[in-house]
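> Sequence:
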Amino acid sequence: MTVEAVWLPMRNAKDHPGIQESEDTLVYLQEVGPRDGLQNEQTALTPEARAALIDRLVSCGLSRIQIGSFVNPRRVPQMLGTHLVWRLIRKKKGVRFSVLVLNEKGLELAIKERVPHVEIYVSASETHSMKNTGFTVDEALTKALNIITRAREEGLTVTAGVMCAFGCFYEGKVPDEAALRLVQAFERCGPTEICLADTTGMGVPEQVTRLVNAVVPIVGVDRIGLHLHDTHGHGYDNLKAALASGVRRFDTSIGGLGGCPFIPGAAGNIATGRTASLLESMGLYTGINVACLEEEWGALQTRLGKKPPEGRVISPS
Numbered sequence: 359m360t361v362e363a364v365w366l367p368m369r370n371a372k373d374h375p376g377i378q379e380s381e382d383t384l385v386y387l388q389e390v391g392p393r394d395g396l397q398n399e400q401t402a403l404t405p406e407a408r409a410a411l412i413d414r415l416v417s418c419g420l421s422r423i424q425i426g427s428f429v430n431p432r433r434v435p436q437m438l439g440t441h442l443v444w445r446l447i448r449k450k451k452g453v454r455f456s457v458l459v460l461n462e463k464g465l466e467l468a469i470k471e472r473v474p475h476v477e478i479y480v481s482a483s484e485t486h487s488m489k490n491t492g493f494t495v496d497e498a499l500t501k502a503l504n505i506i507t508r509a510r511e512e513g514l515t516v517t518a519g520v521m522c523a524f525g526c527f528y529e530g531k532v533p534d535e536a537a538l539r540l541v542q543a544f545e546r547c548g549p550t551e552i553c554l555a556d557t558t559g560m561g562v563p564e565q566v567t568r569l570v571n572a573v574v575p576i577v578g579v580d581r582i583g584l585h586l587h588d589t590h591g592h593g594y595d596n597l598k599a600a601l602a603s604g605v606r607r608f609d610t611s612i613g614g615l616g617g618c619p620f621i622p623g624a625a626g627n628i629a630t631g632r633t634a635s636l637l638e639s640m641g642l643y644t645g646i647n648v649a650c651l652e653e654e655w656g657a658l659q660t661r662l663g664k665k666p667p668e669g670r671v672i673s674p675s
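Numbering (the working numbering), first residue to last: 359 to 675.
To be clear, the hints were calculated from the coordinates, so they are not data collected in a lab.
As the structure is a computational prediction, the values presented were derived from the model and not from experiment.
Glycine included, C-beta positions come from ideal geometry on N, C-alpha and C.
Do not take every clue at face value.
Per label pair, the in silico range of CB-to-CB distance [claimed, not checked]:
no., residue 1, residue 2, range
1, 657, 453, 16 to 22 Å
2, 417, 529, 37 to 43 Å
3, 382, 568, 21 to 27 Å
4, 663, 496, 37 to 43 Å
5, 384, 564, 22 to 28 Å
6, 562, 472, 39 to 45 Å
7, 512, 417, 27 to 33 Å
Taking lysine-lysine pairs in the DSS-like style, the calculated list, with each CA pair at most 25 Å apart, reads [what the hints assert, rightly or not]:
no., residue 1, residue 2
8, 501, 489
9, 470, 450
10, 463, 449
11, 598, 531
12, 463, 501
13, 489, 451
14, 463, 489
15, 489, 470
16, 449, 470
17, 451, 470
Make the full structure from the sequences, and use the hints.
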């Protein structure tokens, strides 16, 4: 199944008479397509095109958007000029824009550009950590803790995340203890949110439930987010498992684009449109206009030189 096949022509939740925004029904979806989605594409969009995409995503109701990453453009050329993207986008009140940083240099650029929210991740897998950053887990953790502390001192809000929290392409099963150790270390520095990332899409619902329930006593369920991939077809079941455990923050990507460029076959974030439609069918509110998002996805495919959707409709249930 291709990621283009997952879109559903359903109504926007805020236009649905049976769904009202409240603490009980509100779910936050962070759009990571401009970063995680585009970093895997062969066609690199200009900073101007990326900024225009982000502006259109905001107009579709997205209130949290990861606009890109401050990383070495030699390693991820699709992210070249993220500071220009930040300068070009229209800053709308109530919308949280964030950037991914991997090191002190990235953080300093975020501070200089006055990006209000940064995200920093450490892998629970030694092999993935070395391939992704060139550091061991402990080395990467030390650097991340310094970044979190510095960011907080500068008044930035921070998401601290665990990559490969549910499995690793290179090492297989990742023990829960490996992820929990990172969460506990992060928490001592006071990040705004903790994100558990299924970087390889290897997680299953039982595992999601178990790890989330183990993290809740450490940070509280309101500060936990999940970054899910549908690489092996478990993404939406994992979403439901997390929802059942009280999680209300998820990363999603337009059209299901994305995946770690340093893990073979790790493509496929859960798609923003399908996720919003699924949540609506469960009586939950996102504020996202799915029809608007579908239209933008079609236009983005053209800009990326991708084939149009095959027209297959998949039930959100």
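> The structure should be examined with respect to each hint, and the outcome stated for every one.
Comparing the hints with the structure gives:
The hinted window of 16 to 22 Å between residue 657 and residue 453 holds, with their beta carbons roughly 20 Å apart. Roughly 42 Å separates the CB atoms of residue 417 and residue 529, a value that falls within the hinted 37 to 43 Å. Taking the beta carbon of each, residue 382 and residue 568 are about 25 Å apart, inside 21 to 27 Å as hinted. Under the hint 37 to 43 Å, the C-beta atoms of residue 663 and residue 496, about 42 Å apart, fit the expected range.
Residue 384 and residue 564 have their C-beta atoms about 26 Å apart, which keeps the hinted 22 to 28 Å range intact. Our hint of 39 to 45 Å for residue 562 and residue 472 holds, since their Cβ atoms are close to 41 Å apart. Between residue 512 and residue 417 the beta carbon distance is about 30 Å. The supplied range of 27 to 33 Å therefore holds. Restraint check for residue 501 and residue 489: the C-alpha separation of about 16 Å stays at or below 25 Å, so the hint holds.
Taking the CA atoms of residue 470 and residue 450, the gap is about 20 Å. The hint holds against a cut of 25 Å. Proposed proximity of residue 463 and residue 449 is supported: the alpha carbons are some 24 Å apart, at most 25 Å. Proposed proximity of residue 598 and residue 531 is supported: the alpha carbons are some 21 Å apart, at most 25 Å. For the suggested pair residue 463 and residue 501, the alpha carbons sit about 11 Å apart, so the restraint of at most 25 Å is met.
As the CA atoms of residue 489 and residue 451 are separated by approximately 38 Å, the hinted pair breaks the 25 Å bound. Under the criterion of a C-alpha separation no larger than 25 Å, the hint pairing residue 463 with residue 489 is consistent with the structure, at around 19 Å. At roughly 29 Å between alpha-carbon atoms, residue 489 and residue 470 are farther apart than 25 Å, so this suggested pair is violated. Annotation: proposed proximity of residue 449 to residue 470 holds, straight-line Cα distance about 17 Å (limit 25 Å).
With a C-alpha separation of about 21 Å, the suggested pair residue 451 and residue 470 falls inside the 25 Å cut-off, and the hint holds.
Comparing the model with each earlier hint shows violations of hints 13 and 15; every other hint is respected.
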